[in-house]
Structures are given as C-alpha cells and as structure tokens.
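*Asks:* Protein chains in written order, with the UniProt record's numbering: chain A, 1 to 238; chain B, 1 to 238; chain C, 1 to 238; chain D, 1 to 238; chain E, 1 to 238; chain F, 1 to 238.
None of these hints come from the bench; they were simulated from the model.
Hints are not guaranteed to be accurate.
Stated by the list, open to error - Covered stretches of chain E (in silico footprint by chain C; criterion: 3 or more residues with CB under 8 Å from a CB of chain C, positions within the stretch not fixed):
1. 19-26
2. 30-42
3. 140-148
4. 166-179
Here the structure is a predicted model, which means the values were calculated and not measured.
Yeah, the Cβ is synthetic: ideal placement off N, Cα and C, and Gly gets one too.
6 protein chains.
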Amino acid sequence: MRPSGRTPDQLRDVKLEIGFSKYAEGSCLAKFGDTHVLCTATLEDKAPPFLRDTGQGWVTAEYGMLPRSTHSRMGREAARGKQSGRTQEIQRLIGRALRAVCDMEAIGERQVRIDCDVIQADGGTRTASITGAYVALYQCFKRMLADGLIEKMPITTEVAAVSCGIYEGTPVLDLDYDEDSAAATDANFVLTGDGRIVEIQGTAEEEPFSEEELLRLMRLAKIGVSQLVKKQKEVLEG
Amino acid sequence: MRPSGRTPDQLRDVKLEIGFSKYAEGSCLAKFGDTHVLCTATLEDKAPPFLRDTGQGWVTAEYGMLPRSTHSRMGREAARGKQSGRTQEIQRLIGRALRAVCDMEAIGERQVRIDCDVIQADGGTRTASITGAYVALYQCFKRMLADGLIEKMPITTEVAAVSCGIYEGTPVLDLDYDEDSAAATDANFVLTGDGRIVEIQGTAEEEPFSEEELLRLMRLAKIGVSQLVKKQKEVLEG
Amino acid sequence: MRPSGRTPDQLRDVKLEIGFSKYAEGSCLAKFGDTHVLCTATLEDKAPPFLRDTGQGWVTAEYGMLPRSTHSRMGREAARGKQSGRTQEIQRLIGRALRAVCDMEAIGERQVRIDCDVIQADGGTRTASITGAYVALYQCFKRMLADGLIEKMPITTEVAAVSCGIYEGTPVLDLDYDEDSAAATDANFVLTGDGRIVEIQGTAEEEPFSEEELLRLMRLAKIGVSQLVKKQKEVLEG
Amino acid sequence: MRPSGRTPDQLRDVKLEIGFSKYAEGSCLAKFGDTHVLCTATLEDKAPPFLRDTGQGWVTAEYGMLPRSTHSRMGREAARGKQSGRTQEIQRLIGRALRAVCDMEAIGERQVRIDCDVIQADGGTRTASITGAYVALYQCFKRMLADGLIEKMPITTEVAAVSCGIYEGTPVLDLDYDEDSAAATDANFVLTGDGRIVEIQGTAEEEPFSEEELLRLMRLAKIGVSQLVKKQKEVLEG
Amino acid sequence: MRPSGRTPDQLRDVKLEIGFSKYAEGSCLAKFGDTHVLCTATLEDKAPPFLRDTGQGWVTAEYGMLPRSTHSRMGREAARGKQSGRTQEIQRLIGRALRAVCDMEAIGERQVRIDCDVIQADGGTRTASITGAYVALYQCFKRMLADGLIEKMPITTEVAAVSCGIYEGTPVLDLDYDEDSAAATDANFVLTGDGRIVEIQGTAEEEPFSEEELLRLMRLAKIGVSQLVKKQKEVLEG
Amino acid sequence: MRPSGRTPDQLRDVKLEIGFSKYAEGSCLAKFGDTHVLCTATLEDKAPPFLRDTGQGWVTAEYGMLPRSTHSRMGREAARGKQSGRTQEIQRLIGRALRAVCDMEAIGERQVRIDCDVIQADGGTRTASITGAYVALYQCFKRMLADGLIEKMPITTEVAAVSCGIYEGTPVLDLDYDEDSAAATDANFVLTGDGRIVEIQGTAEEEPFSEEELLRLMRLAKIGVSQLVKKQKEVLEG
C-alpha cells in the first residue's frame with residue numbers, strides 16, 4: 001500500500017498551468033501533487049560562443065529550489081556562493097533532455113534559457129521540471145514562429161519525465177517524498193511520447209537490482225509518460 | 001495621470017494570501033499588483049552565536065528574485081556565486097524592519113528566518129516583502145504560542161512598507177515599475193500601524209528634493225501603510 | 001550630556017586635507033574627530049559598458065575599512081573573499097550621492113572611480129566618506145578642466161553628509177561611536193549646500209520614531225551640512 | 001569497424017596496478033587503454049558529522065583531471081575556483097557506486113575518502129575511476145582488518161563499471177574518445193560481479209533510443225564488467 | 001646616477017612613526033621615501049588551532065594595498081574576491097620574518113596578528129612592511145609585559161629588511177619604483193641587527209647573475225639594515 | 001648522517017622521463033627520489049593580453065598537488081575553491097625561472113603554459129618541478145622549430161633547481177621530506193648550467209644564518225645543478 005493510497009501505476013494529480021509568468025516567452029507551473037515547479041523560457045538573441053557562425057542554436061537550463069520549498073529549510077545557494085552538485089546535476093539533465101528533442105538548426109543562432117524553480121518540493125522535482133520545461137519551451141518556439149523568427153517548429157517529438165522505484169518490494173510510479181526516502185531503488189526516465197528513451201538514470205539505494213526489475217520500472221514509466229505527454233498536448237493545444 | 005490610471009494616493013490591488021507553503025511555520029504570498037513575493041518564516045531552535053546565553057532571540061531575512069521574475073532575465077545569483085549589493089541591501093532592510101517591532105526576549109534563544117522570494121516583479125518588491133514578511137512572522141509566532149514555546153506574542157506593533165515618489169511632478173503612492181523607472185525621487189517608508197517611522201530611505205534619482213516634498217511623500221505613505229496594516233489584520237484574524 | 005562634551009548641534013572637529021595622495025587625480029583625507037577616511041578619485045578613460053555610445057560618463061565608489069581601523073580587529077574582506085553587505089550598502093550610497101550632483105554629459109564617456117578607505121573608525125564613516133569624496137571628485141574634475149578634457153565643471157551643487165540621532169532622548173548632530181552604539185534612532189542625511197535632500201536614511205534602532213523627531217534631526221543635519229560645505233569650499237578654493 | 005580495430009564486445013587493454021602510491025591506505029592506477037586514472041583511498045578517523053553517534057561509517061569520492069590529461073588543455077579547476085558540474089556529477093556517481101557495495105556498520109564511525117585523478121584521458125574516465133576505486137577501497141579495508149580496526153570486510157560484493165554505446169549503428173563495449181564523440185547513444189553501467197545493477201545512466205546523444213537497444217548495451221556491459229571484476233580479483237588476491 | 005640622486009649605498013629618507021593607530025596594541029607608519037605602510041599589531045587571546053595545548057603562541061601577518069596607493073589604480077582585492085598571488089607571497093614572507101625572531105613559548109597560547117596596509121607605494125613595500133611590523137610587534141609585546149600577560153620579551157633579536165638591485169650596472173641600496181622597474185636583478189634581504197640572514201630572495205629580472213654580484217648586494221643590505229635597526233631602536237626606546 | 005644514507009653533496013636518484021603524456025607538446029615526469037612531478041608544456045596560439053602587438057611571447061606555469069601525494073591527505077584545492085598561498089608562490093617561481101632563460105621575441109606572440117602536477121611528494125617538489133619543466137619546455141620549442149613556427153631555439157641557457165639546507169649542523173644537498181622538516185635553514189637555488197643565479201630563496205627556519213653558511217649551501221647547489229643539467233641534456237639529446 002502506498003502512503004498516498006495510489007495504485008502502483010498511478011501518477012499523482014498532475015497540473016500544467018501555462019501563462020503563469022507575465023514576462024517570459026514561455027512559462028508553465030508544473031504540479032505533480034505537492035511538488036510545484038515554475039518553468040520559464042527566455043529567448044536570447046545570441047547563441048553561446050561555441051556555436052558562433054555555425055547557424056545552430058542552443059537550449060540550456062538552470063534549476064533552483066526556494067529555501068523553504070522543502071520540509072526543513074535548505075541554505076540559499078546564492079548566499080552560500082555556489083550551486084550544489086545536486087543542482088548542477090539536475091540542470092544538466094534538464095538541458096540534455098530538451099536538446100534531445102530539438103532541431104538546433106531550426107532554432108538559428110539563438111539560445112533559449114529554461115529556468116526551473118521549485119516552489120514546493122515533495123519528491124520528483126527533476127521530472128516535474130523536465131515535463132514543465134517542455135511546455136515552456138514549446139510556447140517560446142510557438143511565439144518565435146508567430147513572430148517570423150523561425151520557419152518551422154524546432155521540436156522533433158514530445159518529451160516528459162517520471163520517476164519510478166521499488167517501494168516495499170513493489171515497483172511504483174511517480175514517487176513522492178515519503179516513498180522516495182524509503183525506496184530501495186530509484187530510477188528517473190526521460191521518454192518521448194512514443195516510449196523511446198532520451199535518458200535513463202537508475203540507482204540502487206540499498207541493494208543492487210536486476211535487469212528484470214529495471215524493465216518493470218520502465219514499463220511503469222512508459223505508462224506515466226504517455227499520460228504526461230497527453231497533458232502537455234492538452235495544455236499546448238487547448 | 002499615472003500609467004496605471006490610479007489616483008496619486010491609490011495603492012495597487014493588494015492581496016496577502018496565507019497558507020501558500022505546505023511546510024513553513026508561516027507563509028504569505030504578498031501581491032502588490034503584478035509584484036508577487038512569496039514570504040516564508042522558518043523557526044530555528046538556536047539563536048545566532050552572538051546571542052548565546054543572553055536569553056534573547058533573533059529575526060533575520062533573506063531576499064532573492066527568480067531569474068525571470070523581471071522583464072528581461074537576470075542572471076541567477078546562485079550561478080554567479082554571489083548576492084548582489086542590491087540583494088544584500090534589501091535583505092538587511094527587511095530584517096531590521098521586522099526586528100524593530102519584535103521583543104527579542106519574548107522569542108527566547110531561537111531564530112526566525114524569513115525568506116522573501118520574488119516570483120514576479122513590477123516595482124516595490126522590497127515593500128511587498130516587508131508587508132508579507134510581517135504576516136509570515138506573525139503566523140510563526142502564533143504557532144509558537146500555540147505550541148507553548150513562548151508565553152506571549154513577541155510582536156509589539158504592526159509594520160508594513162510602501163514606496164512613494166515624485167512622478168511627472170506629482171507625489172504618488174506605491175510606484176509600479178513604469179513609474180519607478182521614471183520617478184525623479186523615490187522613497188521607501190517602513191511605518192507602524194499608527195504612523196511612526198521604522199525606517200525611511202529617500203533618494204533623489206535626478207534632482208535633490210526639498211523637505212516639503214519629503215513630507216508630502218510621507219503623508220501618502222501613511223495613507224498607504226494604514227491600508228496595508230488593515231489588510232494584514234484581516235488576513236491574520238480572518 | 002554627550003560623552004564628548006559637545007553641544008547637541010556641534011560637529012566633531014572636522015578637517016579635510018587635500019593632496020594626501022601622490023598619484024590620485026584627486027584626494028582628501030577626511031577627519032571627523034577620530035574617524036579618518038582617505039578618499040581618492042581615479043579618472044578612467046572609458047565609461048562603463050552600459051553607457052557605451054551615449055556620450056555620458058559615470059561616477060562610482062568603493063569603500064573599505066582597514067582591519068584594525070576599529071576597536072576590535074575586523075577580518076580582512078580580501079581574505080574572506082567577499083565584501084560584506086554593509087560595505088556594499090555604503091559604497092552604493094556614496095556613488096549615488098555623488099552622481100546626484102553631477103552632470104553626466106559634461107563628464108563625457110569617462111568614469112571617475114572614488115575609493116573611500118577608512119584608516120580609523122569612530123562612527124560616521126559613511127558620512128565622512130561622502131564629504132571627503134566630494135572634495136576628491138571636485139579636484140579630479142578641476143584637473144580635467146585644466147587638461148582640456150572637459151569644457152565645464154560637471155558638478156551642479158555641493159554635497160556633504162552627516163549623521164544625526166536621538167541619544168538619551170536628545171537629538172544630536174554627528175554621532176561618534178559611543179553615541180551611535182547607544183542611540184535609539186540613527187539617521188544619515190546627504191544634503192546639498194542649500195539644504196535640499198540627496199538621500200536620507202533613518203532607522204529606528206529601538207523604538208519607532210515620529211515624523212516630528214525626524215524633522216528635528218533634519219534641522220540638525222542642515223546645520224551640520226552647511227558647515228561641512230563651508231569647509232569643502234575653503235579647502236577647494238584655498 | 002571500430003577505430004581501434006576492436007570487436008564490438010572487446011574491452012580495451014585493461015591494467016590495474018596496485019601499490020602506485022607510497023602513502024595512501026590503498027591505491028590503484030587503472031588503465032583502460034590510454035585512459036589512466038590514479039585512485040587512492042585515505043582512511044579518516046572520523047565519520048562525517050551527519051553520522052555522528054550512529055555507529056556507521058561513510059565512503060566518499062572526489063574526482064579531478066590534470067589540465068593536460070586531455071587533447072586540448074582544460075583550465076585548472078583550482079585556478080578557476082570551482083569544480084565543474086561534470087566533475088561533481090562524476091564524483092557523486094563514484095561515491096554512490098562504492099557505497100552500494102559497502103556495509104556501513106562494518107566500517108564503524110570512520111570515513112574512507114577516495115581520490116580519482118585522471119592522468120590521461122581517452123574516454124571512459126568515470127568507469128575506469130569506479131573500477132580502480134573499488135581496488136583501492138578494498139586494499140584500505142584489508143589494511144584496516146589487518147590492523148584490527150574492523151572485524152569483517154565491509155564489502156558485500158564486487159563492483160566495476162564500463163561504458164557502452166551505439167557507434168555507427170552497432171552497439172559496442174568500452175567506448176574510447178573517438179567512439180564516444182561520435183556515438184549516437186552512450187550509457188554507463190555500474191554492475192556487480194554477478195551482473196546486478198548498481199547504477200545505470202543512458203543518454204541519447206542524437207536520437208532517442210529503444211528499450212531493445214538499451215538491453216543490447218546492457219548485455220555488452222555484463223560481458224565487460226565480468227572481465228573487469230576478474231581483473232580486480234586477480235590483482236587483489238595476487 | 002640614481003634617478004633620486006642618492007648614492008649607491010644610501011637609503012631613502014626613512015621615518016618610523018609610532019602611535020598612529022588609536023586602537024591597535026602596537027602600530028607604526030613606516031615611510032621609506034614615498035612608500036608608506038601602516039603596520040598594526042592585534043593581540044588575540046587564542047593561538048591558532050594547530051597550536052592548541054602546546055603552550056606556544058604564533059605571529060602571523062596580512063598585507064594589502066589601497067587601490068590607489070599605486071600610480072595606476074589596482075582593482076580592490078575585496079571586490080575581486082581574492083588575494084593575488086603576490087599579496088599572499090608577501091604576507092607569508094612578513095610572517096616568517098617576524099616568527100624567526102620570536103620565542104614562541106614566551107608568547108604563550110596567544111596570537112599576534114600583524115596588518116601591513118600600503119597607503120602609498122613607491123617600491124619596497126614588503127621591506128618597509130617588515131621593518132615597520134617589527135616595531136608594531138615590539139610595542140604589542142611591551143604592552144603584554146606591562147599588563148603581566150607574559151614574563152619576558154619574546155623577541156630574540158631585531159629584524160629589518162631592505163631591497164637591493166643592480167641598476168644600470170651598479171649595485172644600489174633600497175630601490176624605489178623607478179629603479180625597481182628597470183633593475184636587471186632584484187633581491188630582498190631580511191636581516192638581523194647583527195647582519196645574519198633571516199630570509200633572502202634574489203631574482204634575475206633579465207640576465208642570470210653571479211655569486212659575486214649577490215655578495216655585493218648583500219654588503220649593501222647589511223649597511224642598510226644596520227641603519228634601519230638603529231631607527232627601530234630609537235623609536236622604540238625614545 | 002643523513003636519514004637516507006646519502007653523502008652531504010649527493011643528489012637523490014634523479015630520473016627525467018620524457019614522452020609521458022600522449023597529448024602535450026612537451027612532457028617530463030621528473031623524479032627526485034620519491035618526489036614525482038609530471039610536467040607538461042602546452043602551446044597556445046595567443047600571447048596573453050598585455051603582450052598584444054609587441055611581437056613577444058610568454059611562458060607561464062601552474063602547480064598543483066594530488067590530494068594524496070603527501071603523507072596525510074591534503075584538501076583538494078579545486079574543492080576548497082582556491083589555490084593556497086604556497087601553491088601560488090611556487091607557480092610564480094616556476095614561471096619566473098623559465099622566463100629568465102627564454103628569448104621572448106624568439107617565441108613570437110604565443111604562450112607556452114607549463115603544468116607541474118605533483119603525483120607524489122617527498123620534499124623538493126618545486127625544484128623537481130623547475131628541473132622537469134625545463135625539459136618539457138625545451139621539447140615544446142623543439143617541436144615548434146620542427147613545425148616551422150619559430151626560426152631559432154628560444155632558450156638562452158639551461159636552468160635547473162635544487163634545495164640545500166643545514167641538517168643537524170651540516171650543509172646538505174637536495175633535502176628530502178625528513179630532512180626538510182628538521183632543517184634549521186632551507187634554501188632553494190635556481191641556477192643556470194654554468195652556475196649563475198636565476199633565483200635564490202633562503203629561509204631561516206630556526207636560527208638566522210650567516211653569509212658563510214649561505215655560501216656553503218650555494219656551493220652544494222652548484223654541484224647539484226650541474227648534475228641535473230647533465231641529466232636534462234642526456235634526455236633531450238638522447
């Protein structure tokens with residue numbers, strides 16, 4: 001029995017709210033239950049230096065948590081003067097996940113910068129970030145199309161992410177904080193709408209796990225991501 | 001005529017939403033028009049080192065802006081590795097303003113840490129921060145009272161803040177971003193419910209201004225703060 | 001009775017010594033009693049990037065304290081690897097105060113950088129800094145005029161600063177360290193020679209204070225600043 | 001055809017040289033072809049603060065690259081003043097991988113600190129690091145056993161790592177730099193001696209990949225790790 | 001012919017002014033011509049951690065330059081967020097020089113912290129620092145003796161420093177900035193009152209130099225230091 | 001009697017191994033007994049900014065120690081976020097030593113960057129660094145000659161370095177760690193092949209020392225350096 005009463009293959013209540021930010025070229029407040037992440041997309045006129053004169057663009061991401069987004073307050077990274085290893089790991093993951101579904105030439109020599117800021121955290125902040133960031137990025141591209149900056153949508157396929165884990169012996173979908181802290185195994189899946197893998201990260205928190213267990217987690221992830229992608233489409237097309 | 005159509009002594013639409021955060025000991029989303037600041041209060045069991053064995057407590061504050069809370073994206077302070085001078089100036093101001101209305105002995109050897117994070121900025125983020133922080137702090141103290149940690153409410157009087165300035169020759173209340181960028185003079189007033197001064201900071205952006213002008217701004221500020229304090233009471237007592 | 005034996009409206013013994021530095025384009029050792037601040041002006045051939053191609057110049061300031069300028073030694077900011085919030089607040093104030101009395105177009109696309117370094121501190125280091133910085137800046141501009149770099153003096157009016165506070169119930173002028181640590185209210189006034197306000201910062205250290213008290217402090221400040229400006233003129237014209 | 005002429009399921013020439021360091025409690029120079037990583041284990045008498053009074057120990061890792069270990073020189077992290085996101089990601093991975101095969105109670109309240117320093121890099125530095133770090137850690141534990149500090153070997157099973165990827169359409173084992181830069185998909189497998197998963201990280205560098213491709217990569221990884229574990233045993237028992 | 005008109009074995013005009021600082025336990029403004037360094041000694045009640053429970057004390061030094069102490073302004077180290085390699089090299093030298101003439105047991109478990117701050121620089125700031133720091137340290141010890149904190153003067157012999165160099169082919173004493181920038185060889189000598197060596201640092205700026213040249217520089221240094229030590233004695237005994 | 005059994009004028013077993021690095025334009029693993037330093041030379045196409053348009057080149061150096069190169073582990077400088085004063089002092093010394101024997105015009109507007117990384121430390125890491133760095137630099141220049149980038153060898157004479165000290169009353173050559181920690185006096189000599197001085201740094205660790213003692217140390221250093229230079233020639237010409 002999951003602490004939340006969900007069935008093993010049940011996502012939390014997911015909401016993707018667009019238009020949350022007055023200024024950003026795209027924005028989405030992604031809610032996976034009590035995990036709330038504000039994702040914004042900022043269009044910059046220049047590509048990063050390593051792409052100068054290549055005709056290609058770039059998508060990058062930054063991630064942060066409000067100090068009291070968590071149960072106990074975390075020190076503010078700006079005050080400590082550096083981003084933690086965890087923060088850097090997550091923002092690199094978000095950037096890679098988005099770039100994997102973008103056609104960099106279609107963007108032109110520009111950069112879209114995604115900010116994922118966790119307003120409240122209850123497990124799964126990186127998967128909510130990726131899922132919401134896709135929405136913000138899509139909106140940004142849509143506006144670029146409308147403004148005539150680009151000629152075709154630079155996104156090649158949908159992408160969303162979800163975590164799965166083995167909780168008290170049972171593979172379950174979309175871990176919340178209570179499950180995450182107790183899970184023996186924890187894996188994050190970044191998948192496309194048609195179930196292909198963009199990124200997979202699985203970690204044995206206690207015992208090493210078997211290939212079969214990995215496959216069972218992946219089956220759950222496919223279920224979850226297909227529902228997330230449906231939500232993305234609804235909000236973007238709605 | 002103000003860009004927003006407000007009369008000179010009219011506040012923006014102000015909302016103070018409590019209970020925004022699931023975890024914090026107190027929280028308030030303070031909205032001054034399109035300026036939205038999330039204020040949380042975190043109770044810590046220890047006073048800062050310089051108060052050890054004095055029987056006194058402390059209240060301190062930190063301030064931050066989400067990178068895309070502003071019209072153009074600002075670099076993330078955590079990524080740049082330091083807080084700007086402006087950030088430090090504002091968080092020191094918030095802390096002083098709150099401590100001025102607290103009885104440090106009534107808190108005991110504890111610390112309440114206030115976080116003010118700007119979700120969206122349209123001028124007046126520091127005054128919205130102080131106004132919302134008071135609410136979060138009050139809630140935190142109320143909980144401490146309920147939990148028997150303290151015996152009496154450590155707050156001595158209400159405090160709220162508002163900015164005033166001279167916009168196109170006319171003193172106006174509660175500057176939004178458009179007014180703020182164009183104002184000849186800009187002053188922030190941190191006042192008590194009964195109109196006494198906790199902190200005043202006035203700056204000539206263009207021309208030095210006269211004592212009389214300062215007094216006209218202060219008159220507006222008193223009008224504004226009395227309304228803000230009324231809002232605070234409503235939400236805290238409601 | 002003030003610890004120093006001064007009357008409430010009496011400045012400390014003030015000396016503004018010019019020509020202290022062999023190299024700087026302008027320099028002034030400002031002594032307010034035992035508070036000694038060395039102010040230098042450095043002319044730089046380029047304006048800061050945000051003013052490129054505007055035809056305008058800039059004035060900026062930095063502030064520092066020698067580690068043993070104070071009663072107990074303070075850690076060296078260069079060794080700790082960052083400037084404190086207080087330092088940044090003060091240097092921003094000095095810069096604003098000077099810019100408020102400068103005609104930026106008359107400077108041309110150049111920058112004057114003011115350094116205020118506290119050799120010894122006995123209260124009022126920021127007000128001594130502003131008062132001395134004006135002298136150093138003026139000298140720098142005079143030299144620029146003499147060298148034919150500019151055509152007219154870019155200063156529009158004199159500026160000087162002084163602190164006032166309520167000490168044991170009495171408003172007093174130009175607080176020294178003993179008074180400053182004990183004052184209930186503390187305000188810094190940056191005023192022009194004719195008594196207009198460039199910047200005002202008033203803080204209730206204990207009790208919130210009334211508008212009337214503020215006005216009494218401002219009256220003292222005007223007395224003090226008019227004497228400081230007289231000293232500035234003497235040393236610059238002498 | 002692989003650039004190195006290896007067959008798809010062929011590791012590079014692997015050497016694990018122990019006793020490379022005169023001082024460390026354990027050391028291994030791990031060579032995967034032209035990738036050379038020096039791994040050392042340092043025993044510290046104290047557990048990290050968060051384990052105080054729990055009776056448990058800890059294993060942690062740090063990673064670095066000599067500036068000219070790579071084809072073009074990389075800036076020295078110590079000179080730039082911070083570790084890159086990539087560095088932090090890798091050292092966190094090494095630490096997790098080792099802790100997954102350790103019995104923390106058997107270590108007692110101590111910490112073993114692993115340093116993995118890349119002397120020369122030709123792809124796969126993180127997998128060589130983990131494989132060599134296991135050897136250094138084992139030696140350190142052996143010495144602790146011999147010194148009577150612990151009563152039983154705290155290692156529960158062997159662990160080693162290898163990368164696999166899809167290079168020109170073919171899944172291949174143990175990518176070198178030439179393959180790594182050109183691979184469409186890249187996955188790192190941290191596996192136990194008996195083929196269970198400690199950590200898996202797969203990334204689509206170009207096209208999202210299918211579950212079937214992932215399984216083919218995992219099959220190669222199992223082949224590779226079983227050979228690496230054999231090498232580890234030889235050198236540790238030899 | 002030297003630019004200053006001095007003879008090869010002539011020091012600049014040297015003045016050691018004590019009592020410059022109102023608060024420090026010892027202070028000396030050391031002037032070597034236009035090089036002015038303010039040296040202060042601060043007594044701290046605790047020895048540094050590595051000396052805990054050894055009964056020994058420590059002497060350490062920090063060095064800094066005011067930004068406009070030099071001909072062209074130097075960036076402020078506190079603003080740049082780190083001390084330069086040159087600064088660290090010099091402050092380590094000052095500390096070693098002083099410790100070489102101190103009896104650490106006679107100090108007891110305390111630390112004296114020397115600050116050398118360059119007010120104006122015209123070459124030889126490190127040698128003026130050492131020479132003035134000795135005076136400040138001596139005063140601090142004298143006060144400790146007077147206060148009964150220590151039983152005997154912890155200084156074993158006098159120490160002072162001077163630079164020598166080969167300028168236009170001629171060995172000269174006490175280089176000023178003009179000579180220093182043009183010297184082929186530059187050496188700093190830290191010597192005791194009786195001519196023994198505490199530290200010697202010689203550098204070929206252009207051509208490697210011979211042992212004979214080194215000895216000629218040392219001869220000059222002994223002449224210079226004996227005069228500096230005489231000045232130290234006069235001011236300390238006066 | 002020396003702990004190692006060496007005679008007073010005997011170097012440790014010295015080996016200079018070239019070709020250690022697969023990528024660098026020059027490399028040398030310098031072994032002075034158990035002190036092992038990997039020196040690499042990297043050719044950069046641009047001179048540093050201060051040499052732009054002068055037609056001259058530059059040689060610079062960086063130094064680092066692997067954390068467990070020493071008996072007790074040292075904190076990693078990259079993790080601590082800054083290079084220690086000692087590190088900076090040493091890398092500045094290495095750079096100066098090499099530049100003293102280079103003809104900067106012959107290099108052209110390029111920079112050679114030397115990295116000296118200590119793999120294992122047993123005293124004398126800076127002297128081994130300089131001795132090995134010369135070899136790496138020479139190789140780099142040889143390759144530049146072969147590639148037609150330069151027309152003549154930019155090295156004017158050989159340079160090598162060795163430390164000497166007074167150990168239990170006897171001057172000895174090439175201190176190892178045991179001797180270094182116990183030596184009363186410690187001096188580092190950077191000399192040319194024909195015995196001229198490039199840099200000399202002598203420090204009294206306990207007692208100030210006499211000029212005569214310095215000369216005895218220099219005599220030993222000349223013996224040592226002439227042997228080191230012979231080794232350099234052998235490896236470079238071999």
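*Asks:* State for each hint whether it applies.
*Replies:* Status of the hints after comparison with the structure:
no.	hint	verdict
1	19-26	holds (count 4)
2	30-42	holds (count 4)
3	140-148	violated (count 0)
4	166-179	violated (count 0)
Hints 3 and 4 from the list above are not met by this structure, while the remaining hints are.
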